[in-house]
Amino acid sequence: MSPAAVAGTVAPPRAPSHAGGTRAAGVAYVAPAVFVLVLVGLLPFLWSIWVSFLNLAGSTRSGDFVGLANYQKLLSDTKLWAALGRTFLIMAVALPVQLVLGMLLALHFQAERPGKKLFVALLALPAVISPMVAGSMWRLMFDHRFGPVNQMISAFTEKPVVLLWVVKGSLPFWSIVVAEVWQWTPFMFIILLAAIANVDRDQMQAAALDGAHRRHVFWYVVLPAIRPVLIIAVLIRALDLFRLFDVVWQLTKGGPGNRTETISVYMYIQGFQGFQTSYVAAIVVVLAIVLSSVLMLALRRVRLDR
Amino acid sequence: MAIDIKTKVLGATALALTLAGGAQAQDQDAATRAIEAAREFSGSTITVVAEAGLQALLDKQITGPEFEERTGVKVEIVELPFEEIYPKQILEHQAGSGAYDLMLVAPAWLADTVENGAVVDLQPFIDKYGVPAEDEDINPAFRDYQFYDGKQYGMMVDGDVLVTYYRKDLFEDAEAAAAFKEQYGYDLAPPADYARFGDIACFLTERHAPDIYGAGVINTGYMFLMFSERFRVAGGKFFEPETMRATINDQTAVDVLTQMVEQNACMAPGIETWGFAENLSALNAGQIAMTISWPPLGRWSQGVNIDDEALSWVPPTTVADKVGYAINPGGHPELAVGFMSSVATNSDNKDAAYLYGQWMHSRAQSLKNVMRPVGLRDPFRISHYESPEYQALWPGAKDYLTVLNEGAAQGLADFAWIDTYRYQDAMSRAVIAAISGEDPKEALDALAAEWDALTDEIGVERQRAAYEAWAAKPSAYRDE
Amino acid sequence: MKLLRTTLWYAVSIAVCVVFLFPVYWMFAVSLKRPEEIFRSPPAWYPSDPQFGNFVVLFTDGDVWTIVNSLVLAGSSTLLAMAAGSLCAYGIVRFHTGGEHLATFLIAQRLLPPIAIVFPLFLVYAQFGLADTHGGMILLYTAFALPFVVWMARGFLMEVPLELEDSALVDGCTRFGVFWRIVLPIARNGLFATAVFAFIYSWNEFLFALVMTRNEVMTYTVQISNYFGPQSTFWAKISAMSVLGMIPVMLLVAAMQRYLVRGLSLGAVKG
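Chains as they are written, first to last, in this note's numbering: chain A, 324 to 629; chain B, 15 to 494; chain C, 11 to 281.
By construction, these hints were calculated from the structure, which means they are not laboratory data.
Check before you lean on any hint, since a few could be wrong.
What the hints assert, rightly or not - Interface residues of chain A toward chain B, partial, derived using beta-carbon atoms under 10 Å:
1) Lys402
2) Lys491
3) Pro495
4) Gly577
5) Ile592
6) Phe595
7) Phe598
Note that the structure is a prediction, hence the values are computed from the model and not measured.
Where is the CB? At the ideal position from N, CA and C, for every residue including glycine.
Taking the hints into account, I'd like the entire structure generated from these sequences.
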């Protein structure tokens, strides 16, 4: 008998309701999903906690218990903290830009005009392309000889410009930011477009009739109304930026030197190229603690707001 | 020690052959024996690691299908980018996945690979299938590479050495030669040292740019190789042997790296982004007068054996017969990487895997491989250098082979101790950082700190023993 | 005045689209260029002689198998994630199973960077021979898609009127029958949109595939990354493979246009 069928017999047929009474029956429904997630999500994480107290690494695979040694190492690992700082820096630059551009686009496309749907669909495209392909795309765009970006800049400066986007100075950082903003501004746009469209039209019109300037309508009517959506969209993007890997991998592989290593790239290099099994596990545990505390706080605020 | 074992093997095999009464078997070369023996494993599959990109094209398109056709053993190729080859092979081994049958091991990684238990002693297979006579044929510069602790774990399939390529027409131009001598006080010729490499680059760039730049170099991949050659040629040492502190940030190192970075100024705009392919394209297109790279450039710039659709992205050569070959400045070129095949401990088809390796390694098949530009396999046998067929491939082929042979004989082995890969990776990152604008001294200080941390982690005593063993080889420092 | 504003609106709209679509155009253009034209500097703005040679090479080399692998992995995992996910969502919506804890557990799956999970998982997978197998990758992608599917499906299932279910139950339907015959058909469109997005996310995935696949089930994203190497950058193959990777997504988005806004935003917003 399938789990669902079991659930069907267990559930009291005449008392379906939103609350109470049938929780046990629901277990069968959620079981397959929870099983998969425990297997592939939770168990590896628990394993990480255990391993973070051992000294598994490369050819020295003794697996001895070393207590908090990995955590101590983590505290003094300047490259780790630099990677973490860099990840937040990319976030701090890219996220506001995505948000503002997305918002401007969403406001622009509030107008109902023929062809709007086509524009919106076209603009959504970057957000559904593989980030890995997007990274390759920008690598191609930024190629100093065969890519169009330098050529466009040259057209403005009227003399040939050779900018080594993925190599020189702070340019690698900016090329990552550009690729990120290009890909995820559309995501912000789509979400905000829907959110603004859902704002009570009457309220907006009433405000407009009262003589409020359009800017004021936006600040005092639209913005408060879409605030929960806004916060969640920012949260989602922040989490995605925090795990930034694909684009960086395609553009710079974390280089030159360690100059564009994000936390994910750093962990990849430590784990898969440096064999620092236990050490990476310790980083995983610390990240989990930090992230969950931040997220819990953020979610609590959203809930309180409602 | 290696010789010892080889004599023993030779004896044992001779005995075995005599016992088998195999007049026929004696005639057979290693390639034929490998093919015939592999038929026994027809229907099975072996998974072979190849470097992603050009190297893998050979196995994927040519040798893999041919082996399958002749033996019935299916050859599956796993492509790994260079920097993933060593770590992935070790990780798969540690996890016990048995994912690879035939591993690809650079000589510098052999000790680590063996210490990790990832590959097996080849002796039983050599006893069973080998033709030891063919061993004598391997260039001594590469022969020892195959051994670790007295046992053979690898079969050379690619013998690398960096080579200086220069445009004879530009170097022999009388007017230019006179002007050069006037300006620098010595003859315009393939550079004898790296300072002259820079002089010539600047001189020819000034003369011909933007059509032709004086030199092209590789700046984005394998950078630890480029730096460790120039560093050692300048007299640098990697460690202070007493304390095992890294000395790769001493004045010699800083000078060498500074010189590398400064010489870029005399090259094409964007030289900082050039990799192997960009450099090759530029040479073929006639845009650079001189470069340092791997041996395949010699075949490529001559346009020999290019019959592959997949290679259409390489610009056809415009410099055939114009390219001369020389040993690198300083006279001790890096034996840069090179590859061997090794049989994986966790393979469940070891015999077939070994036989593919033996076939690729054999005198007959390897000659075919090293005559193609695609696949990037380069001569490693005396018979390659002396092959009439090879020497007749193009007018300059004989010179080319001589330079490869002599360069290898004087070459500097890639550094190899414990966890070599991580030292390589750190060095490449530091060099690339300097090339892309970071202060060389700072980049090297950071590198030295990273190396010291690695050494401490591994254990100073352990690492010293490994380093001393490596440094004792004549090809480690080439001190006069 | 009105005409001016309309014109301005269209001008801005078109300009924005050009800016955002140019990189995509460029990838297409490069994929149609002859190899020697790809390596021309300054670059040509459009292929002078469009041809499909770069795509043909992918077929003759067999590289195109990686597209098939991606298709199989993304397709199968989407089906599984939809099955397990919509059941789970129904359990949450109707029975409040797990309450807060389950919701937290689901959110937590989205929380950690994939690198944190994939590292220990690789060691386990390799040990049990699951790395580079269809089964292993499908399981991984199913887990990867599940939190999203549950999240989305939950939103759509909540919209199904309770009265309909009640009356069906009164008529003697089993609970599963209600789910299967009443709830699913009503939420069909939304669930379909969910499936499309789940498919796209798996189709686009790179890091898991980079770590877990080698050969047998190598996905197209890993194949593209292999074209970048210290030896060479195979722009012809990179662009052609990227175009092959983008086309299914584009078609899906075009077909899903009606649900695009709703799909993306609902998944993100309803919580």
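Check the structure against each numbered hint from earlier and tell me which ones fail, lowest number first. none
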